[in-house]
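Put together the whole structure using the sequences plus the hints.
Chain by chain, the residues:
Number of protein chains: 2
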Amino acid sequence: MAKGKGSDQGAKQNTDGIGGKITPREEDYPQWYQDVIREGELAETAKVVKGCMVIKPHGYAIWEKIQRDLDARFKETGHRNAYFPLLIPQSFITKEAEHVEGFAPELAVVTHAGGEALEEPYVIRPTSETIIGHYFAKWISSHRDLPLLINQWANVMRWEKRTRMFLRTTEFLWQEGHTAHSTHEEARAEVERMLNVYGDFAEQVMAMPVIRGVKTESEKFAGALSSLCIEAPMQDGKALQAGTSHDLGQNFGRAFDVQFQSEEGKLDYVWQTSWGVSTRLVGGLIMTHSDDAGLVLPPRVAPIHAVIVPIWRKAHERDAVFEACARIKASLDEIDLSQPRSRYRDFVEVVVDDRPIRPGAKFYEWERRGVPVRIEVGPKDIAKGQVCVRMRVDTAAGTGKEFIPEADFIAGFRGRLDLYQAELLRIARERMETQTVTLDTWDEFLAAFAGDASVFAWCHWDGTAETEAAIKEQTKATIRCVPLPGQGPAPEPGKCILTGKPSPQRVLIAKAY
Amino acid sequence: MAKGKGSDQGAKQNTDGIGGKITPREEDYPQWYQDVIREGELAETAKVVKGCMVIKPHGYAIWEKIQRDLDARFKETGHRNAYFPLLIPQSFITKEAEHVEGFAPELAVVTHAGGEALEEPYVIRPTSETIIGHYFAKWISSHRDLPLLINQWANVMRWEKRTRMFLRTTEFLWQEGHTAHSTHEEARAEVERMLNVYGDFAEQVMAMPVIRGVKTESEKFAGALSSLCIEAPMQDGKALQAGTSHDLGQNFGRAFDVQFQSEEGKLDYVWQTSWGVSTRLVGGLIMTHSDDAGLVLPPRVAPIHAVIVPIWRKAHERDAVFEACARIKASLDEIDLSQPRSRYRDFVEVVVDDRPIRPGAKFYEWERRGVPVRIEVGPKDIAKGQVCVRMRVDTAAGTGKEFIPEADFIAGFRGRLDLYQAELLRIARERMETQTVTLDTWDEFLAAFAGDASVFAWCHWDGTAETEAAIKEQTKATIRCVPLPGQGPAPEPGKCILTGKPSPQRVLIAKAY
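Protein chains in written order, with the working numbering: chain A, 1 to 513; chain B, 514 to 1026.
In short, the hints are calculated from the structure, not lab data. Predicted model only: the values in this text are computed from it and were never measured.
Straight-line alpha carbon distances no greater than 27 Å define the calculated DSSO-like cross-link-like pairs of lysine-lysine that follow: (1) K985(B) x K1014(B); (2) K578(B) x K75(A); (3) K75(A) x K842(B); (4) K651(B) x K47(A); (5) K161(A) x K651(B).
Spelled out as structure tokens, the structure:
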């Protein structure tokens, strides 16, 4: 089938790789990922700016859906958005010892501005704990100022050597929550609360199942006491760290002198947290649902829910077909997709594709963009008062071509989307189950991670950084997390898969993006 | 009256100037502006990052309202959002001759990244015509790819010497529209369409009257054929350039080789436009409506529409008062504030201020934050089934303390907000009329712009850059724009106010922010 032309951005945009073809996953998974992004018109590598990407309209619209839903969740949990400077004085980064060690190698540095060399260079924020700590110190003086619950939507920059669209780019878009509390207990509750916001969002909105856990010492955020994470299984068995929530303890409070007077009149450093998700989520979305025909989108992150394709051959059929398309669009437009309790309402988004190209090319294009529902309307359908419906993926929400009375289709549309959303989650969960194994011997382990293979492996580990490093060295698999209660096999003691030393519980091991 | 304490960000944040006092406008207008921002908890100067500001939650929430409304208008006019890299190869900036001349002095330059010196430095985008032009060249090959209608929400950086919060900061947040068309005519229509989107937004949403016009050659965007603008009168008679829309002609198309094949098979450069508004709008909002008691917000940009203050003295009164407050909030929460035809719905946002501080302090704080409606609920009000209402500004929408039956108040709430919105626009328009003068002699002109004074002056100008420069040199006033049809006095010929040479029509002259 030929590449569909006539898109509003045309053919010339497909310059990232081979034009039009989507490589099957079995053949070359990384190439498939690039192909889906290109053919779905989500993004392209910037090329002229190292490791950056251009997020194209369809990709950005998915990010906007993600932002909108998450932002409402942050506000419901009491957070308010603010904006802090892009540039950070270089000296700030060095104030927290572990933080500088973690981020210094990845910094982009502004040395000149306004035609002059700067006295002190600025770094482009790789994350904003330091500069926000500086302002928290100005804003907080009393326990009455706490908790302070802030979120920022921003771009950040980390000069990574190996980049991959959405998953790891030198510049990326994200949100970073930063909060300050009067007790460690309260801060820890916040860290868990926001991890659960991420976990719920991933499952309910992205239909992406995740494991919630604690990072090991060597994998935690630079400057944190501990980091919680959600880890999502991709179709190739690798794990994507999809969101993190950090207990910063008093580390940044000490570094930036963020003190408060307690109710008893005692001075103490605040307890801080930070948490973030990024455009990386779009990569996770792709590798959770998409197939060899291209992008697959759960309705709750789909910028367009349905496309209507008019089918007609003879000139005299045209008007009636276009009229029917417009009527169906108008009916769908009215359908409220809001979630219960939402302060903002969303409606169904429908496109009537009336371009003068053949229907097959249109089907092909919208399939690759992951639009959940395709509706065909032709003279026969109109005569029968029906529509021809095809879901992007065959599930209990619809299989093959369905011919449905128009009124029934409209009345059932929201239910159809809800079921499709649930089905994509079910399918992803079932895949996760098949990808998840319990391993007890090193031979099994080597076999599971041979070559480029990966699984979600629950294994015993002796708890040492040496063993963790040795596992990574030998297999490229890493300890993704120590599971939170209910997130893995029930804790029972055992023997480390590599050293045979005692282990209190199994941890999640996988290769990671 | 003492500074209200107990805010969720406390007292320590007010570090930008004298604590708590708002300087009257008559006494010191620039200081009043700083005071309103500080006391309204909108922003503070970053200090540690030259010329930057920190946008605090209340200020950022206003920006979010602005973004949300504008974004819907952009989408309704067929634009889609995308995201391009923050960093631009330095060589890109030099490709368009006027562009580099305009922006080179203000660039911030990244020379090092990932621990190494870069072969070619990057500049932080001061605006994105160049890098977007680069991608447009990849995306456009045929007339079928046109028009290409893109918008970007982003941060940009211009290393300005003199900065002022919101009005001019080295980093600022904005949106930049970038479009490509197959004919100059179509591009010009886009330039006008988007100027009208800005003008309508300013008047309908921000209640800020504007004059729509054309920039002179010396004031136009660096690299444009011509620039349209909206100019808003501030309370001190100065003008704020609140939005611009540029006809880029084929200048960037030539510089970045953005060619397309026309229907006739001929190769030609695309015709481009760009248009933007920024966080500067928040400064314009402040200087359009606020008074000596602090911030005043039109409902359509107010993050919080009403605050409910419980009034009680005796412990046994507490429960009934809090119950009534919760009931009123629940009723107001349900009120849909959406505009007709909006794809997204907004609801009334209400805060019950139940902090254990005295009501007077609460009144004072919410007044300074510009919340349109204050509601007091005490035992007597409950007994009478009424609420005590006070609007932030006395207008036809409400004057002084009003005692209104609760049900009537709820039923009339949206109407009250709509009227208050209309009243703020009416007041601003009336002020603009008193600030607008027609001047015909140079003596009148010198008097009108003596010292720090400014008015919106309609004057004849001989059309030369020399005269324009001489006017600026002698009075600091500048030609803000040549009015579009219907935006100023009807065009009639006259004599230049400075040189006496012939002039085809009057132009708008004012001092500018």
